[in-house]
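Participant: In the order they appear, the protein sequences are chains A and B. For the first sequence, the working numbering gives the first residue as 1, with consecutive numbering after it. For the second sequence, the working numbering gives the first residue as 1, with consecutive numbering after it.
Just so you know, the hints here were simulated from the structure itself, not pulled from any lab data. Be careful, since some hints might not be right.
[To be verified] With a cut-off of at most 30 Å between alpha-carbon atoms, the simulated DSS-like pairs for lysine-lysine come out as follows:
no.	chain 1	residue 1	chain 2	residue 2
1	B	Lys-108	A	Lys-97
2	B	Lys-108	A	Lys-45
3	A	Lys-45	A	Lys-89
4	A	Lys-95	B	Lys-152
5	A	Lys-95	B	Lys-88
6	B	Lys-51	A	Lys-95
7	B	Lys-51	B	Lys-89
8	A	Lys-97	A	Lys-45
9	B	Lys-149	A	Lys-95
10	B	Lys-51	A	Lys-89
11	B	Lys-152	B	Lys-138
12	A	Lys-89	B	Lys-46
13	A	Lys-45	B	Lys-88
14	A	Lys-45	A	Lys-95
15	A	Lys-89	B	Lys-108
16	A	Lys-45	B	Lys-145
17	A	Lys-97	B	Lys-89
18	B	Lys-152	B	Lys-108
19	A	Lys-95	B	Lys-89
20	B	Lys-152	A	Lys-3
21	B	Lys-149	B	Lys-138
22	A	Lys-95	B	Lys-108
23	A	Lys-4	B	Lys-88
24	A	Lys-45	A	Lys-4
25	B	Lys-46	A	Lys-97
26	A	Lys-89	B	Lys-152
27	B	Lys-88	B	Lys-108
28	A	Lys-45	B	Lys-89
29	A	Lys-4	B	Lys-145
30	B	Lys-46	A	Lys-45
31	A	Lys-89	B	Lys-149
32	A	Lys-97	B	Lys-51
33	A	Lys-3	B	Lys-88
Here is what each chain is made of, one letter per residue.
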Amino acid sequence: MFKKVMSMADAVDLIQDGQLLGIGGNALHRSPVVFTQALAKAGRKDLKVCAAAPGMGADVLCAAGCADTAYFGFFGFENEYGLAAGFRKGCQEGKIKAIEGS
Amino acid sequence: MAMINALRGGAYGVPFMPVPGLWGSDLIEQRPEFFRVMQSPFTGEKVVCVKSLNPDYSIIHVQEADEYGNCRILGPSFQDALLARAAKKTIVTTERLVGTYRMQEEPKLTTVPHFLVEAVVVVPGGAKPGICYPEYQKVDDAGMKAYTKAVKGGTMDEYLAGVTEGRF
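Bound conformation, chain A alone (with noise of 0.2 Å):
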């Protein structure tokens, strides 16, 4: 085993354009928003998001431009917050593909 304790910074700079990202939790629920938002900061482009249920951690790369497909069985935030919206801006403005597998 060796130590891969890193900055965000240092891992952000892992991710290309265009690459296939798996995004865990579910929905509202333990989704790994803070990073997705670096990410997004950082500005990726044409990532591909996957997930069951991708929730507000592939729903800021959506709504941010990094996206331009997703893959999901569910892709909300369930309750009073609804759809994901920057995922279904992304569909009713052509820029994403939506893959749903249910």
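Following the hints, complete the assembly by docking chain B onto the known chain A.
Facilitator: Frame of chain A, contents of chain B only:
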């Protein structure tokens, strides 16, 4: 089930997986890059197949990780163990760093083992404005409203600058 089977296919190292329960859905014809119908080589019956997914990176947020990347997820783990196994590499953000003794005490509670992990970033509050049981169990309503407003108002650049300022 199709998404989960796509990730299972990725984790098992096979190019596609059969998936039950999709008959009658327009998804099969609408997304031929993800769904295909084939015949069972054994019985000849038709079966829907889904293409396996191998993420370049899976990104998961956990409550406990050690410096080597061994992770414990408290409460529901959702598909995170599967995402880590389907992906080429996994990046972990963690509420806190714990000693490896935590993993050695109860090895089977290690949801994601070190050899799947490329990076560990310590990020307390890393799932906010969402929830991370049991650390914070209510959605941060103000945080969600600020996010939704930024999305709808087209001010994501300002939003991202605000939420990341001074953090990293």
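Participant: Now look at each hint and say whether the structure bears it out.
Facilitator: Hint by hint, here is what the structure shows:
no. : hint                    : verdict
1   : Lys-108/B <-> Lys-97/A  : violated (39 Å)
2   : Lys-108/B <-> Lys-45/A  : violated (38 Å)
3   : Lys-45/A <-> Lys-89/A   : holds (17 Å)
4   : Lys-95/A <-> Lys-152/B  : holds (15 Å)
5   : Lys-95/A <-> Lys-88/B   : holds (27 Å)
6   : Lys-51/B <-> Lys-95/A   : holds (23 Å)
7   : Lys-51/B <-> Lys-89/B   : holds (19 Å)
8   : Lys-97/A <-> Lys-45/A   : holds (14 Å)
9   : Lys-149/B <-> Lys-95/A  : holds (19 Å)
10  : Lys-51/B <-> Lys-89/A   : holds (26 Å)
11  : Lys-152/B <-> Lys-138/B : holds (23 Å)
12  : Lys-89/A <-> Lys-46/B   : violated (37 Å)
13  : Lys-45/A <-> Lys-88/B   : holds (20 Å)
14  : Lys-45/A <-> Lys-95/A   : holds (12 Å)
15  : Lys-89/A <-> Lys-108/B  : violated (42 Å)
16  : Lys-45/A <-> Lys-145/B  : holds (26 Å)
17  : Lys-97/A <-> Lys-89/B   : holds (24 Å)
18  : Lys-152/B <-> Lys-108/B : violated (44 Å)
19  : Lys-95/A <-> Lys-89/B   : holds (27 Å)
20  : Lys-152/B <-> Lys-3/A   : violated (41 Å)
21  : Lys-149/B <-> Lys-138/B : holds (20 Å)
22  : Lys-95/A <-> Lys-108/B  : violated (43 Å)
23  : Lys-4/A <-> Lys-88/B    : holds (16 Å)
24  : Lys-45/A <-> Lys-4/A    : holds (26 Å)
25  : Lys-46/B <-> Lys-97/A   : holds (28 Å)
26  : Lys-89/A <-> Lys-152/B  : holds (8 Å)
27  : Lys-88/B <-> Lys-108/B  : holds (22 Å)
28  : Lys-45/A <-> Lys-89/B   : holds (19 Å)
29  : Lys-4/A <-> Lys-145/B   : violated (35 Å)
30  : Lys-46/B <-> Lys-45/A   : violated (39 Å)
31  : Lys-89/A <-> Lys-149/B  : holds (12 Å)
32  : Lys-97/A <-> Lys-51/B   : holds (16 Å)
33  : Lys-3/A <-> Lys-88/B    : holds (18 Å)
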